[in-house]
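Trainee: With the hints as constraints, model all of the structure from the sequences given.
Under the numbering used here, the first residue of the sequence shown carries the number -13, and numbering increases by one thereafter.
Worth flagging that the hints you see were computed from the coordinates, not collected in a lab.
Here the structure is a predicted model, which is why all the values come from computation and not from measurement.
Hints may contain errors.
No farther apart than 20 angstroms at their CA atoms in a straight line, the calculated lysine to any residue pairs in the SDA-like style are these [said to hold, decoys possible]:
id, residue 1, residue 2
1, 96, 237
2, 251, 37
3, 6, 133
4, 333, 355
5, 388, 302
6, 96, 214
7, 157, 68
8, 258, 46
9, 128, 250
10, 49, 256
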Amino acid sequence: MQEPLIIYEEKCTGCGACVKVCPFSALSVEPREGRTLPESRFRNIAVVNEACTACGACLPSCKFDALEVRDIEQKGSEDLESFTGVWIFAEQRAGEIQDVAYELLAEGRKLADELGEELSAVLMGFNIRDKAQTLIEWGADKVYVVDGAELEEYETDLYTDILAALIHRYKPEIVLAGATSIGRAFIARVAVRVKTGLTADCTALAIDPEKRILLQTRPAFGGNIMATIITPNHRPQMATVRHKVFKKGAPQPGRTGQIIEEHPKLSLARTKVVEVLHEMGNQVNLAEADIIVSGGRGLGGPENFAMLEELAKELGAAVGASRAAVDAGWMPAYHQVGQTGKTVCPKLYVACGISGAIQHLAGMSSSDYIVAINKDPDAPIFDIADFGIVGDVFEVVPMMTKVLREG
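Mentor: The structure is reproduced here in structure tokens:
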């Protein structure tokens, strides 16, 4: 059987750069002497062994284009039936598992049960092994843990190398991740590395009962239609899901599962995190908030968001903004709600001076209750609002704040 990694002997210099980055110790440098090889002025050559998973982690390290991973079609053993199980990427920050991971576990559990397969989670970080049991209690059958000091802060190259290597080794049928800043940054790279497709920003997932393939539904054409995408000829089937699209399940204390510790050889990343700065303000996390007060173009300028912050303070709410307000520079981008911002699902959403463009509605329409304040009675926001107030936000919002403050 041919090795999955091709080493072009006439190009290889035997420098050993690929050996240092291989997560599975599948490469070594050996003398050319005694081998039937093309003539070369270099004494050594890289050699691949059976531990190679064709993850591709070594490719960027070679400056001489001496390495190539064979296509899946050429390897023969990569038939679709060899891929089994549902995986979710369990995102963590500062050692704390993010809610999007629990949402994915709830949805992944449904998909795995329908397929009659196992649900697994992949957890990367530093000093996070003790969090693996938490993922099992929330529905995972297995948790693959990669724990190392190099992973204390998120780094795209390392996350890509690790997840791609694990996929090549264990061959999951489905891989899900959150459409967060971290998920969006590296999951597409993983899909390219393992030679499969990726559907981004899904709002619904299901299993085709006849073909047993993943139906991945997402908004298209500015949210005007919903497209269902399939990956019939490649594995794994990969998708990202926006935070708050799916509901969390409930943990089962004492639930048992398997924790598998992986110890890949981590390559040197191209970037280094020097310092992490946490911006003050907006003390309530927008994606996690139960109440959100958002402002749009109708506020007229950045100084008027102080009025919304006063109302938010009385409500214990987070402050959001429409894309128009963010594009105008009135609010930082992390406050943006909408198709190109955050998808939120609070108990109460108060839209102030927001007309209701389809892109904004795509990010907040699943809120339990929506209150809209706009002086234009024909504003689209009123079409989805539970309560509408036709009036000037500069009169209505201070009045609401005063009533709440005075009890």
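Trainee: Indicate, hint by hint, whether the structure satisfies it.
Mentor: Hint-by-hint comparison with the structure:
1. 96 with 237: Roughly 15 angstroms separates the two Cα atoms, so the pair holds.
2. 251 with 37: Holds, because 13 angstroms separates the two Cα atoms, which is no more than 20 angstroms.
3. 6 with 133: holds, 19 angstroms
4. 333 with 355: Holds - the C-alpha atoms of residue 355 and residue 333 are around 6 angstroms apart, at most 20 angstroms.
5. 388 with 302: holds, 15 angstroms
6. 96 with 214: It holds: about 18 angstroms lies between the C-alpha atoms, which stays within 20 angstroms.
7. 157 with 68: holds, 7 angstroms
8. 258 with 46: This hinted pair holds, its Cα atoms lying about 17 angstroms apart.
9. 128 with 250: Distance of about 18 angstroms is within 20 angstroms: holds.
10. 49 with 256: Distance of about 14 angstroms is within 20 angstroms: holds.
Hint compliance for this structure: every hint is met.
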